[in-house]
Amino acid sequence: MTQPPSQGQPWRQQLIGVLVVLPALGLILSLIVYPVAYSLWLSLLEKHSFFPQQRFIGLENYLYLWGDAEFWTSLWLGVIYSFWTILFQILLGVAAALILNESFVGRGLVRGIVLFPYMIPTIVAVILWKWLLNDTYGVVNYWLFALGIARDPISFLGTDHIMLSTIVMSVWQFFPFVLLSILARLQTIPEELYEAAKVDGATPLRRFVHVTLPQIRGILFVVVLLRSIWMFTKFDTVWLMGEGAGAGRYIRTLPVYAYMRTLTYYQAGLGAAIAVIMFAILMVSTALYFGLFREEADIG
Amino acid sequence: MRRGAAITFLAMLLGFSTGAWGGEKKVVRVWHTETEPQTVAVMQEIANDFEKLHPDISIRQEGLAWGDLEAKLTAALAAGAPPEASHGQAFTCASFYHKGLLRDQEDIAAAIGKDNIFEVARNLCRFDGRYYGITHSPNTNLLIYRKDVFRQKGLRPPATWDDFIKVAQAMMERDATGRVTRYGLSLPGVPLFVNILVAELTRANGGRLFDNRTGRPTFTEKQVVEVLDFYKKLNDTVLPPGWLGHGYLDTFTNLATGKAAMVYQGHGRSAGYIEKYAPPGTGTPEYFGVMRKPHGPSGKDTAAQVDAEPWMIFKNSKYPEEAATFLKFFFQEKNYIKYLHTVPIHLLPTLKSVRSSQAYQANAMYQRWKEWVEMDYYYFERDLAKPTLVVNWDDLKLPFLLEIFGSNILPDMVTDAVKGMPSAQAAAKAQARAEELITKLGHKRW
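Same order as they appear, the protein sequences are chains A and B. Heads up: take any position in the first sequence, counting from 1, add 106, and you land on this note's numbering. Quick note: the second sequence, position 91, residue 87 per this note's numbering, numbers continuous.
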């Protein structure tokens, strides 16, 4: 009597399945779960950034941050920076995508050029903008004065305008990502939809509202989500613009503050607590966002 | 046969991975803050010459921006991979000494001659009579001014801060519409330089930042509050409105291109920029001079900051002894003079013998701008120059200066005051923050 071939095989197949998944699982555990778990653990310690000394203090770091005016200011500055940069990236990105979706001479060249800001290294972009906006020798002030728009130089990098300058610079640098994503979706919208709308006498605005917008809302959902996460955690641009103090104090957002606590105050525990709070804020916001835009999430 | 080949292959692999194959070189990483291309090139020449004498050692130099140094060193220490040798601020060196991270440098001091080290360089990182850091070069920050404008307006060198503001106002220039075309002064607003200036001005005002006995901050004392009042006055009268967003190099640009009449935190390095960027025919000491800095209302004497990064050797690095051997070679007169001559007015010698040597003085730029160098020695010889954040030499015994520096508490205090907060209130706010930080670090002794 021979053994039925199916017996024992499912178990073997399952084992093979588990073995195949193991490397990926290992990667996820080591690259995602472990760092997050370690940050959580670190946030419960009083720990010097480069010394092995550490002491478990429970939720003390969180309680400290609750009463820390610097933390709340940084959170507020971070919200302002993220909100305005995301809003204008979306507006500019969508508008530019609509234009570049039309046919005109030199469209290919313009499509290439418009991606430049996204390809330039951040340090180069920041130096370039600082040079342009400098109040004593900057080109922008020179032209504002030459054209009679401003009588005195505007200190774009001073305390009063540095947030605005950083927002403008960030929008310039990151709107091509929105453009690229939307343009890719626009190119897949069937032309017949627009032709049918035209036959029905729809104006360009109505065509945008009733044809284009419903078609791009899925990708818009994803783009807003990604850009929100990236702008809320944006460090390099903001740090390079202000170095965290002087005028830079007015753009000391949460990632900058987390960096400062970790690597300039040398309080690794507090820095980790700020990072964990940022993580929690993003998780809650993302959950709310998915809840509010369930339909778009399904399309996206 | 196949097994034999496999064993041979494994043995070769093992040999390569342990460095036994052909003898791996000892890599000594050297971080420094002299990033000008000519200095980097000379450092490389010195490294190459050293490697010829020590074929088992490889020197890897890396030039770092001054403002990035502390963060980069900290990150390296946190990762457990410090370089073998690095420049650092005096307070960084002190802080690392207090944390037990540094190898002492008595052997290097002995090799170059302890009596041969300038007095100003002796206290930068020396504890319990032993050297833990020897500076690559000391210089001071200088008050640089437009000599031609100064002369043309018939002005006299200011003795006090109030006099200084009057002089700066007199040197300002406006066009027919009343728009400022030349500001009286240019200051960097970036945190490093605000930290430096707060300590320097406090010293020039007869004050202190910390109680040496207890380590308690003294920001609310009259002398520090007056420093904030001075900042407010400068901001309201002679500084460009956006100065808090200006970097160190912006101030040079402002001076060299005529947008500002003076800089308070200039360095010998500026002479090179002036020669290069000032309008044709004006890049000379005839147009750009240095003068003694004024003192505050509660002070009697002037003060300056000594810019003198000590070389530190990390005892937990891989090859600290080899790093020490390299530094002895670096300080050999022939190599050292070559290094100093890369930025002649800025890189002044740590060694007395070098200062008086003909080879060192035979430098055209040094001869041209000698007046500037003499101002450095004015501060050095009277012990008027102290390192960043140090008001009294004993401040270096405080174990938390690195953290105070990094926290930006002092730059925030200045920003608060300049933005309209009463000076006493800004000082009290900073005092509370500093006390809290020191307490959290476990260094509270009051």
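Simulated from the structure, these hints should not be mistaken for laboratory data. Be aware that one or more of the hints could be misleading.
Example chain A residues on the side facing chain B (calculated, C-beta under 8 Å, incomplete) [said to hold, decoys possible]:
id, residue
1, T242
2, S261
3, A303
Pair ranges (Cβ atoms, derived) [said to hold, decoys possible]:
id, chain 1, residue 1, chain 2, residue 2, range
4, B, G254, A, L253, 19 to 27 Å
5, A, L253, B, P293, 38 to 46 Å
6, A, L131, B, K334, 38 to 46 Å
For every residue, glycine included, the Cβ atom is placed at its ideal position computed from N, Cα and C.
Quick rundown of the hints versus the structure:
no.	hint	in the structure
1	T242	holds, 5 Å
2	S261	holds, 3 Å
3	A303	violated, 50 Å
4	B:G254 x A:L253: 19 to 27 Å	holds, 23 Å
5	A:L253 x B:P293: 38 to 46 Å	holds, 45 Å
6	A:L131 x B:K334: 38 to 46 Å	violated, 58 Å
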